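Those protein sequence lines, which keep their order, are chains D, S, C and G.
Numbered according to my numbering, the first sequence spans residues 21 to 112.
Numbered according to my numbering, the second sequence spans residues 5 to 128.
Numbered according to my numbering, the third sequence spans residues 4 to 174.
Numbered according to my numbering, the fourth sequence spans residues 3 to 85.
These are calculated hints, taken from the structure and not from any lab test.
On a predicted model such as this, the values are computed, not experimentally measured, just so you know.
Incorrect hints may have been included.
[Stated by the list, open to error] DSSO-like mimics (lysine-lysine), calculated; alpha carbons at most 30 Å apart, straight line:
#1 S:K126 - D:K47
#2 D:K47 - C:K104
#3 C:K100 - C:K87
#4 D:K47 - C:K126
#5 C:K142 - C:K100
#6 C:K104 - C:K87
#7 C:K126 - C:K100
#8 D:K47 - S:K108
[Claimed, not checked] Covered by chain C, according to a simulated footprint, are these stretches of chain G (three or more residues, beta-carbon under 8 Å):
#9 39 to 47
#10 54 to 64
Think of the CB as a built atom: it goes at the ideal place given N, C-alpha and C, for glycine as much as any other residue.
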Amino acid sequence: MKEFISYTLISLGLVFWLWGTLPLLGKRSVLFKLHSLSVSDTLGSMAITVGLLVHFPADWSLLFLALISLAIWNTILGYVLAFCSRGGQKDG
Amino acid sequence: MNYLNLLLRLLIWFLLTADLSLANIVIGLAVVLVLPNRKGRATLGDWLRVIGNILISIPLAYVEALEMIFFPHSAEEVTLERVRVNRIPALIFLDIFVITFTPKTIVLNYRDDGYYEVHRVKRQ
Amino acid sequence: MDEFYIVPIVFLLPLSAVMVVMQTNPYTALVMRGILGAVSALVYALLGAADVSLTDALVGTMLSITLYAIAVRSSLSMRIGAIKLDKNDPLLVPIAKSLSKYFMRLEIVEFPDGDHLNSALEKGEIHCKFDRHETEGCKLLIRVPRLYEILTAAGIPNLSIVLLEKTGAGL
Amino acid sequence: MTVVLMLMLAVLLIPIYVGARDQDVWQRMLAFCSIATKTSIMILVIAVIRSDWAIGVVGVLILSLGNAALMLLAHILRRLNEL
Numbered sequence: 021m022k023e024f025i026s027y028t029l030i031s032l033g034l035v036f037w038l039w040g041t042l043p044l045l046g047k048r049s050v051l052f053k054l055h056s057l058s059v060s061d062t063l064g065s066m067a068i069t070v071g072l073l074v075h076f077p078a079d080w081s082l083l084f085l086a087l088i089s090l091a092i093w094n095t096i097l098g099y100v101l102a103f104c105s106r107g108g109q110k111d112g
Numbered sequence: 005m006n007y008l009n010l011l012l013r014l015l016i017w018f019l020l021t022a023d024l025s026l027a028n029i030v031i032g033l034a035v036v037l038v039l040p041n042r043k044g045r046a047t048l049g050d051w052l053r054v055i056g057n058i059l060i061s062i063p064l065a066y067v068e069a070l071e072m073i074f075f076p077h078s079a080e081e082v083t084l085e086r087v088r089v090n091r092i093p094a095l096i097f098l099d100i101f102v103i104t105f106t107p108k109t110i111v112l113n114y115r116d117d118g119y120y121e122v123h124r125v126k127r128q
Numbered sequence: 004m005d006e007f008y009i010v011p012i013v014f015l016l017p018l019s020a021v022m023v024v025m026q027t028n029p030y031t032a033l034v035m036r037g038i039l040g041a042v043s044a045l046v047y048a049l050l051g052a053a054d055v056s057l058t059d060a061l062v063g064t065m066l067s068i069t070l071y072a073i074a075v076r077s078s079l080s081m082r083i084g085a086i087k088l089d090k091n092d093p094l095l096v097p098i099a100k101s102l103s104k105y106f107m108r109l110e111i112v113e114f115p116d117g118d119h120l121n122s123a124l125e126k127g128e129i130h131c132k133f134d135r136h137e138t139e140g141c142k143l144l145i146r147v148p149r150l151y152e153i154l155t156a157a158g159i160p161n162l163s164i165v166l167l168e169k170t171g172a173g174l
Numbered sequence: 003m004t005v006v007l008m009l010m011l012a013v014l015l016i017p018i019y020v021g022a023r024d025q026d027v028w029q030r031m032l033a034f035c036s037i038a039t040k041t042s043i044m045i046l047v048i049a050v051i052r053s054d055w056a057i058g059v060v061g062v063l064i065l066s067l068g069n070a071a072l073m074l075l076a077h078i079l080r081r082l083n084e085l
């Protein structure tokens, strides 16, 4: 059961990764690609990390920290990239 | 609400170090007190609302991601969103975090007159 | 062979290294250097060298990108000294355009009077000096031969470009 | 778990290709951002498979500190367009 849940989460994360990374090949704007990247890099990676957490609960503190830093850093990075790629007026 | 700020910092410290020995508590208290303090007007209610928003936004983000996967969102638009004025920078930061965390919306800019410029994708 | 997955991942390292070498634009080369740093941290961690991986990520990538970005930004710029020069002056547009082919930027330094301007030019704080005469038109006195070559090759109308001699007497 | 790693490698090839191909520097920055996250997640997976604590700590550190260079580069690239 534990194995099943963990592999489901990891495959969900992999599907998110693939779905969110494929639009990089297209010709859309940077902002549009940022939306799909936030699906893959933040949510997909978080799903993979939770899957690992279920599978190997011994490393919980490490994986928990990874989860927090993933959520915070990728979100802030999305904001900074969006702000900078538009050539924002004041310092962000 | 100064002590609330201190409590938040202590919580982060204990999450980071994962160690509840006496020495660590003393070091954590020292670090928390030495870090610069800023006067703010945030109340307990503000903090609770933002923390609640963060907890809600995690499942919401996954729902939005699945929506984006199953129904292609190919239209884009930029909207202005109003927020409450006179907030301390930490709360503004958390607001931006919550909006950007959900995959359909990204904050582009925070303007001094209290508006966020939000970029969002929509179904056609 | 339990760990055959090592081989294809290690192949990423030469691949991204070749991609760094192929770049001509210094800024995209910096971005590619970041990609190389991320890949090499992965490869070192894969081979079991946690310390090397951490050092590469922090010093090799973070610090070197920071330092290179600052160095590239400040060295790839032409500083024009002038007494009064507007940022949006129409004469600057062709200059900036011809410099941007070489990934360079324009930087305008304003001086209160001609004495400060000339001494800055002699000390080497600025690369060239901009003069606007009522009768003779606009003049750009350049100290660096390579910049002189680039700008004369671009052929900018309404601007006479002069290369200054090394001695710099009586400027 | 090895299958998972190979799939991750396959996905990782997409942003590497984009980084090599694209002309716009912001598209490359997106590729860089994506690669940085993906490689650190792969490091975490490797650490957990081998139950090697040191590699895991390195993965978390890279995940949390490595993005700082990316932000700095983004700000410098933004100022390039301002003359």
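Going down the list of hints, with the structure as the test:
1. S:K126 - D:K47: Roughly 18 Å between the alpha carbons, so the hint for K126 (chain S) and K47 (chain D) holds.
2. D:K47 - C:K104: Holds, at about 25 Å.
3. C:K100 - C:K87: Roughly 21 Å separates the two Cα atoms, so the pair holds.
4. D:K47 - C:K126: With a Cα-Cα distance of about 49 Å, the restraint between K47 (chain D) and K126 (chain C) is violated, given a limit of 30 Å.
5. C:K142 - C:K100: holds (18 Å)
6. C:K104 - C:K87: holds (26 Å)
7. C:K126 - C:K100: holds (27 Å)
8. D:K47 - S:K108: With Cα atoms ~19 Å apart, K47 (chain D) and K108 (chain S) stay inside 30 Å; holds.
9. 39 to 47: holds (count 4)
10. 54 to 64: It holds: at least three residues are needed, and the segment 54 to 64 of chain G offers 8 whose Cβ sits within less than 8 Å of chain C.
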